[in-house]
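Converting from the sequence shown to my numbering requires adding 35 to each position, the first position being numbered 1.
Simulated from the structure, these hints should not be mistaken for laboratory data. Even for Gly, the Cβ is constructed at its ideal location relative to N, Cα and C. Mixed in with the good hints there might be a few duds.
Stated by the list, open to error - 30 Å max Cα-Cα, derived DSBU-like pairs, lysine-lysine:
#1 K429 / K317
#2 K304 / K269
#3 K317 / K328
#4 K254 / K236
#5 K429 / K377
#6 K377 / K254
Said to hold, decoys possible - Cβ-Cβ distance ranges computed for the label pairs, FRET-style:
#7 N151 / E262: 14 to 24 Å
#8 D228 / P369: 50 to 60 Å
#9 A326 / G392: 13 to 23 Å
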Amino acid sequence: MSIIRPFQGIRPRQDLASSIAALPYDVYNSEEARRIVRANPLSFLKIDRAETLLPEDTDVYSPEVYRTARNTLDAMIEDGSFLQDATACYYIYALTMNGRTQTGLVGCASIDDYVNGVILKHENTLEAKEQDRICHVDACSAQTGPIFLAYRPSRTIRDLLEEVRQTSTLYDFTSDDGIRHQVWKIADRAYIDKISHLFAKIPHLYIADGHHRAASAVKVGLKRRAEDAGFSGKEEYNYFLSVLFSADELHIYDYNRVVIDRNGCTFEKFLDKIEDRFQIEKLGAQACHPAKKGEFGMYSGGVWYRLRAGQKLFAGDPVRDLDVSVLQDQILAPVFGIQDPKTDSRIRFIGGIRGLGALEEAADSSGGIAFSMYPTSMEELLAVADAGRLMPPKSTWFEPKLRSGLFIHRF
36 MSIIRPFQGI
46 RPRQDLASSI
56 AALPYDVYNS
66 EEARRIVRAN
76 PLSFLKIDRA
86 ETLLPEDTDV
96 YSPEVYRTAR
106 NTLDAMIEDG
116 SFLQDATACY
126 YIYALTMNGR
136 TQTGLVGCAS
146 IDDYVNGVIL
156 KHENTLEAKE
166 QDRICHVDAC
176 SAQTGPIFLA
186 YRPSRTIRDL
196 LEEVRQTSTL
206 YDFTSDDGIR
216 HQVWKIADRA
226 YIDKISHLFA
236 KIPHLYIADG
246 HHRAASAVKV
256 GLKRRAEDAG
266 FSGKEEYNYF
276 LSVLFSADEL
286 HIYDYNRVVI
296 DRNGCTFEKF
306 LDKIEDRFQI
316 EKLGAQACHP
326 AKKGEFGMYS
336 GGVWYRLRAG
346 QKLFAGDPVR
356 DLDVSVLQDQ
366 ILAPVFGIQD
376 PKTDSRIRFI
386 GGIRGLGALE
396 EAADSSGGIA
406 FSMYPTSMEE
416 LLAVADAGRL
426 MPPKSTWFEP
436 KLRSGLFIHR
446 F
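Could you build the full structure based on these sequences and the hints that come with them?
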């Protein structure tokens, strides 16, 4: 069963929501974050990336950064920029992008469900990124960025959320990138109990995005347990801020690759090395976005190609059959010597939301080779997680991104 519970949300004053809401902290580098905060002093990035309020030579991982995050959050609560609901509530958060809406339930998931495998992941985490968010969560005594969770579709849950959506919104605004954000509050005890009961029937939840935030929230919770002589299991630190979406409403974009160093291999020699495993079709200047699983676009020197993987490369394994795995196992590792794409400096990853022009530009500027991917499907993600396996890095790119700052869970 999945334990989901309501919480006393700390959230923006209604007239400030659109100004405070910000993309996740890891979408930007420090310079970009500083630029945004200068342009919009209310941006939640000044809490999620508190170095933006400190001198430019500040170490982004210094204790002063995390103290500044805590002090800024406290000050915004004190001055009324943030309000806290008087009772524990659920919230509905709907995002509409290009005419497609995904509707999520905002609540708190259990760190025990994460530890015991009720909440399943599909990616490894990096210790340095974890440590940053551990320090941030611990210093703020709050989770400020929601974890993006998915669950297998439930008609009953869908109907209940749709019923709530017929009521008045708490927030309704369109961000600069054209995405509409709508929020409803669920304070009625009967609705709250019904929602909790319905999720208790769901055997597994899946981390779609936010693996580092989830791992960090769990580790802070476990740390607080160890320090709390009166631990009962009901404390707020035993739960972490989440937005839960039905898997069939989510959209995964392609996550494309650019190899900027050919490992001494000429393009002609490269083609010779892969022709026994891939059908190669030269397209010319026409950009290639793969139309189906097993297809890859390839670009080099102003020319696009279509690669079709041979059926013998697919053996029924949920991880090895992913297109990102086929590219890694059949091209990146054996031909270019890229054994660990997480750490190899010769590979770049470009989200499909940026378009194929960004791939061409990256390949042209480096003299490298670009590969456009067919997106990983939600069913593939669920199958990998159900099998207790992990995907290669940069396998999924979810859009639209959840905004930070609309909901804060404090403990």
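Verification of the hints:
Between K429 and K317 the CA atoms are separated by roughly 27 Å; this keeps the pair inside 30 Å, and the hint holds. Of the pairs offered as hints, the one joining K304 and K269 is violated, with about 62 Å between alpha carbons and a cut-off of 30 Å exceeded. For the hint pairing K317 with K328, the CA-to-CA distance comes to about 19 Å; that is within 30 Å, so the pair holds. Between K254 and K236, the direct Cα distance comes to roughly 26 Å. Compliance with the 30 Å bound is thereby established for this hinted pair.
For the given pair, K429 sits about 9 Å from K377 by alpha-carbon distance, which is consistent with the 30 Å threshold. As the CA atoms of K377 and K254 are separated by approximately 23 Å, the hinted pair is consistent with the 30 Å bound. About 22 Å separates the C-beta atoms of N151 and E262, a value consistent with the hinted range of 14 to 24 Å. One distance hint, 50 to 60 Å for the beta-carbon pair D228 and P369, holds here, with the actual separation near 56 Å.
The hinted window of 13 to 23 Å between A326 and G392 holds, with their beta carbons roughly 19 Å apart.
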